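Colleague: We have chain A already, so just place chain B on it with the hints.
Line by line, the protein sequences are chains A and B.
Heads up: the first sequence begins at 1 in this note's numbering, then just goes up one per residue.
Heads up: the second sequence begins at 189 in this note's numbering, then just goes up one per residue.
Treat the hints with caution; some may be incorrect.
With beta-carbon atoms standing in for the labels, derived distance ranges [said to hold, decoys possible]:
| hint | chain 1 | residue 1 | chain 2 | residue 2 | range |
| --- | --- | --- | --- | --- | --- |
| 1 | B | Leu247 | A | Cys167 | 38 to 46 Å |
| 2 | B | Ala338 | A | Ser48 | 33 to 41 Å |
| 3 | B | Pro217 | A | His171 | 34 to 42 Å |
| 4 | A | Ile138 | B | Asn252 | 47 to 55 Å |
| 5 | B | Thr350 | A | Leu123 | 35 to 43 Å |
| 6 | A | Asp112 | B | Lys378 | 31 to 39 Å |
| 7 | A | Thr96 | B | Tyr403 | 27 to 35 Å |
| 8 | A | Leu123 | B | Val371 | 49 to 57 Å |
| 9 | A | Gln185 | B | Asn252 | 29 to 37 Å |
| 10 | B | Ala298 | A | Val69 | 20 to 28 Å |
Since the hints were made in silico from the structure, they are not lab data.
What you are looking at is a predicted structure, and each value in this text was computed from that prediction instead of being measured.
Backbone N, C-alpha and C define an ideal beta-carbon position, used for all residues, glycine too.
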Amino acid sequence: MQSTRRSFLKGVGAGVLCLTLGQMGFDLGEAKAYVRKLKIEGAKEVISICPFCAVQCQIIGHVKDGKLVSTEGDPDYPINEGSLCAKGAALFTMYTSDHRLKKPMYRAPHSDHWEEKSWEWTLDQIAHRVKETRDRDIILKNDKGQTVNRFETMFWMGTSHASNEECAVIHQALRGLGVVHMDHQARV
Amino acid sequence: MPKSFLVDTTRCTACRGCQLACKEWHDLPANETKQTGTHQNPPDLNPYNYKIVRFREHLDEKGNVVWNFFPDQCRHCVIPICKEVADMAVPGAIVKDERTGAVLVTEKAAQLSEADIKAVIDACPYNIPRLDTKTHLLTKCDMCADRVQAGMLPMCVKTCPTGAMSFGERDEILDLAQKRLDVVKQKHPKAYLAYVRDVSVIYLLAEEKKYYYEYASFM
Numbered sequence: 001m002q003s004t005r006r007s008f009l010k011g012v013g014a015g016v017l018c019l020t021l022g023q024m025g026f027d028l029g030e031a032k033a034y035v036r037k038l039k040i041e042g043a044k045e046v047i048s049i050c051p052f053c054a055v056q057c058q059i060i061g062h063v064k065d066g067k068l069v070s071t072e073g074d075p076d077y078p079i080n081e082g083s084l085c086a087k088g089a090a091l092f093t094m095y096t097s098d099h100r101l102k103k104p105m106y107r108a109p110h111s112d113h114w115e116e117k118s119w120e121w122t123l124d125q126i127a128h129r130v131k132e133t134r135d136r137d138i139i140l141k142n143d144k145g146q147t148v149n150r151f152e153t154m155f156w157m158g159t160s161h162a163s164n165e166e167c168a169v170i171h172q173a174l175r176g177l178g179v180v181h182m183d184h185q186a187r188v
Numbered sequence: 189m190p191k192s193f194l195v196d197t198t199r200c201t202a203c204r205g206c207q208l209a210c211k212e213w214h215d216l217p218a219n220e221t222k223q224t225g226t227h228q229n230p231p232d233l234n235p236y237n238y239k240i241v242r243f244r245e246h247l248d249e250k251g252n253v254v255w256n257f258f259p260d261q262c263r264h265c266v267i268p269i270c271k272e273v274a275d276m277a278v279p280g281a282i283v284k285d286e287r288t289g290a291v292l293v294t295e296k297a298a299q300l301s302e303a304d305i306k307a308v309i310d311a312c313p314y315n316i317p318r319l320d321t322k323t324h325l326l327t328k329c330d331m332c333a334d335r336v337q338a339g340m341l342p343m344c345v346k347t348c349p350t351g352a353m354s355f356g357e358r359d360e361i362l363d364l365a366q367k368r369l370d371v372v373k374q375k376h377p378k379a380y381l382a383y384v385r386d387v388s389v390i391y392l393l394a395e396e397k398k399y400y401y402e403y404a405s406f407m
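One chain only, chain A, in its complex shape (with noise of 0.2 Å):
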């Protein structure tokens, strides 16, 4: 083979490179053939935040080829430094699992099985039902001819996926509707 300058220059650049790579750390020895590849090289880093409770320990997705193929903890995160616990570590097959729903379900009454509904209809419903109760239920008055304003037929479980300011409104909202049965639950 002909050795041109340039060519020359490039086996020099890539001898280079290698032998940087090999001083970082990198082992290109023999090492290569037994440990697998490391799947998150050259992944893009994406923060989230854990959805489990409300410590809201801070999560980096590795993202390749639009694909999320791992998560682990942000150790710049100063509340979990890079920690997780057993839920938090499970976010990853949270993401892929076959259980996961992506669209809402709905059972009807006195029906033995869920069937898939868009967005649009379920909010519908919801809102529908809230107002049917509401209007059906409210109590305006107590014994006494005192205004109250109660609201006491619906229950509203809150979760930790909502952040306070998402708390806060809900809560308005709820008040505002006369709502006094509240409660949270971190599970879910």
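Modeller: Only chain B this time, still in chain A's reference frame:
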């Protein structure tokens, strides 16, 4: 310089973050499990769990319940007996990466016969390797060698939210282990470091190994 782990069991709250993070990093599928009367789940190491947190409880001399947690994994022995045994049948089936100290099962392990596999499993003083009958490969913790080679922490250590697990250069971890032992001894006078010289995964145990797991320590 080889790497080492320190697992301070007195700091472990058995959240099992390590167990799950390991499973996620290695893309291992779920196991079908059932309630067996303990939080230890799945009940044992298996081809889909390279790491599990073992739970064990007993009464102390005052009649109080003591609940011990033991995040079990391959010790990446300084002189791995599994490798010695496997080498007799198929050289290179199990290798030791000298740079990290990781003991790794290679694809050549598929050539091991049933008898060889049984011999390797029986040889492990810590009862770690398990056979994946689908791939005919031995499975166990690989120290996240892919991560460690790229300068990252093994997934279990990275995830641990209580600081029970540390990872680093062996001499630094040995120093840290001694420092933690001095602190832990004030509360647990019987505390000790399990079989430090021979393993890369050093366990700080608060009491005798029988209160953790039969194979928690060699001696």
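Colleague: Could you work out which of the previously given hints the structure breaks and list their numbers from low to high?
Modeller: The structure conflicts with hints 2, 6, although it agrees with all the remaining ones.
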